[in-house]
Amino acid sequence: MSTAELIGQDPGWLIAVKGVLVFAVCVLLTLMAVWGERRIVARMQMRLGPNRVGPFGLIQALADGVKLALKEDLVPAAADKIVFIIAPIISATACFMSFAVIPMSGEVSLFGHRTAMQLTDLPVGVLYVLAIASVGVYGIVLAGWSSGSTYPLLGGLRSSAQVISYEVAMGLSLVAVFIYAGSMSTSEIVAAQHKWWFGVVLFPSFVIYAISMVGETNRAPFDLAEAEGELVGGFHTEYSSLKFALFFLAEYVNIVAVSALATTLFLGGYHALPGLTFTEQWLGGWFTLVWFFAKVIFFFFIFVWLRGTLPRMRYDQFMKFGWKVLIPASLFWIMIVATMRVLSLQGASRLTVISFASAIVLIVLLIGAGFDSAKKKAALAPLPDEAAPFPVPMIPSLSTTSEIEGTVQRG
Amino acid sequence: MYLALELTKTSGPEAVLFWILAPLTVLAALSMLLVKKAVHSAILLAAVMISLAIFYIAQDAPFLGIVQIVVYTGAVMMLFLFILMLVGVDSSDSLTETIPGLRPIAITAALGFGGLLVSLLGRATLDHDFAGLTAANIDGNVPALAQLLFSRYVWAFEVVSALLITAALGAMVLAHNHRVVARPTQRDRAVRRFRTGSLATAAGLPGPGVYALHNAVDVPALLPDGSIAQASISATLEARGDVIDSAPFQLEKLEEEPK
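Residue numbers (the numbering used here), protein chains in the order written: chain Y, 34 to 444; chain H, 55 to 313.
With the rest of the complex left out, here is chain Y:
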């Protein structure tokens, strides 16, 4: 029986219970994520991080939440009041909704019913997540506009440009998955990965998705919508108290949601690691839940690791990267995937497939080599050497640096 049929038999009260569970999981993960992020970043910066409230500082995030709720709620005089209040509500509502289609476990028994830990199964589940994400951006853009102040407006505009650009790359990276799974439903995509994870088979798609999901969630190194050094706080500069807390919540739930989608699409969802498939039967199937959350937490760790390691990108570099690198690369890759898929479905010989693949690899290498030599030529162009009006330290031109490097290598 497919997951869609299994979930379709749920009685109304079970759907309600699952809805509450999904909500609780999101909130709990957010609390743990805030704590985890601060501890991990602290460790990367040779600090301890929050360790006072509760064991290991575990309930620090809860204490922060209470503090935020008790703060004064300011609405700037220049703000558009209604939109100012609606914006954080849109953000916080949209982020929870995408979790409805994420399959968190295989077939389990809940209160005596055979079901799966997935709220609903749409035939277009993955597109649904994209649609919800594009509604979520409204929260950020409207917050920026309604604040009636310059920095939030700039932050909101940046974020809308960012999300529109990176959603294209993200959508294109998903196409390869749809082609291989033959479906857009999350549960069927997970089922199609019982043997090989799409993260392995479709590795370029996985890389493109991973990059664009960081862009989608406004996280470092792509957190240009709230770049502290340039825009104070970006779109949420004017927000305080619970309204700010809603944006904060939305950011972390969004991270967990894109991580969960990445797990579902590329890392086999709730399936166990290859070779450990016998663990999927443990605890009456509930052990699959552990696998799912282990993968989600892995992705979350990557998010934190990026934040702790990389400096923020400049805005024009970021846009150039999205439009000139990610999108053409995805289009090229989709063509290859579609051809390979047709070849294998029509029962082409292994020789044909291998020669096609090696021809593609050869072409890519040639193009790469061409780019490299063009770059070298451009870099070696001599700098205009005007006479300096002041005695300044010599600015080493690239030709001298490469000479120095050459001598070092020879020596």
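In short, the hints are calculated from the structure, not lab data. Bear in mind that the values here come from a model prediction, so they are computed numbers and not experimental data. Hints may be right or wrong, so weigh each one.
In silico PhoX-like links for lysine-lysine, alpha-carbon gap of 25 Å or less [said to hold, decoys possible]:
1) H/Lys-91 / Y/Lys-114
2) Y/Lys-114 / H/Lys-90
3) Y/Lys-357 / Y/Lys-408
4) Y/Lys-353 / Y/Lys-409
Knowing the structure of chain Y, use the given hints to seat chain H on it.
Below, chain H alone, put in the same frame as chain Y:
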């Protein structure tokens, strides 16, 4: 005829959904026309689009519903940006009539055209019975749509996409302008900072404010001799006349500080 009646009857959860969402949609659509601010109109348009999408999903057309959200929220977002760029951040419609007597004519024309459309569409009949969504979706909603799009309607589909690509290219050509000089890179700027003019600003411009007493951007910094550092203030603020005198924030007697 009776089959059609059976199929089009709404009941149960769908009816509840309809009676909650439909009035909200109509309200949003009406206020979209009536609100004064262009941005509010855009938001209400997005609300109407999303509620239409929910109706589609409730009527067994999930693909159409989801695509409606993806496409139209993106489109409304573009509209929103156009408003900000072309009309202004905080603009509202002016309600003064420039040509007298236009309002009654417009209202009559709108009512007449609407009445005509409703009465025509209400009496229209198809020359064949409809099969119903259950029959259309027998292989699944998405494969059924794909089957039609890529076989029967492939020509129309390709023509529309060619039209859209042409429009996009046209917009790019119209909006394109060549830079007269190359954009200076970070490297160029660094070189220029050291090699031209005075070295006084090589380490960056002075920040605004008088140390420890006032550091807002509208107060010029003071040089060691007490004169004002002009470079510490944004030219925009100066042109707007928003700059405050920094004299009241000076420390008068340093020796009186408690030890």
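Output the numbers, in ascending order, of every earlier hint that fails for this structure.
-> none
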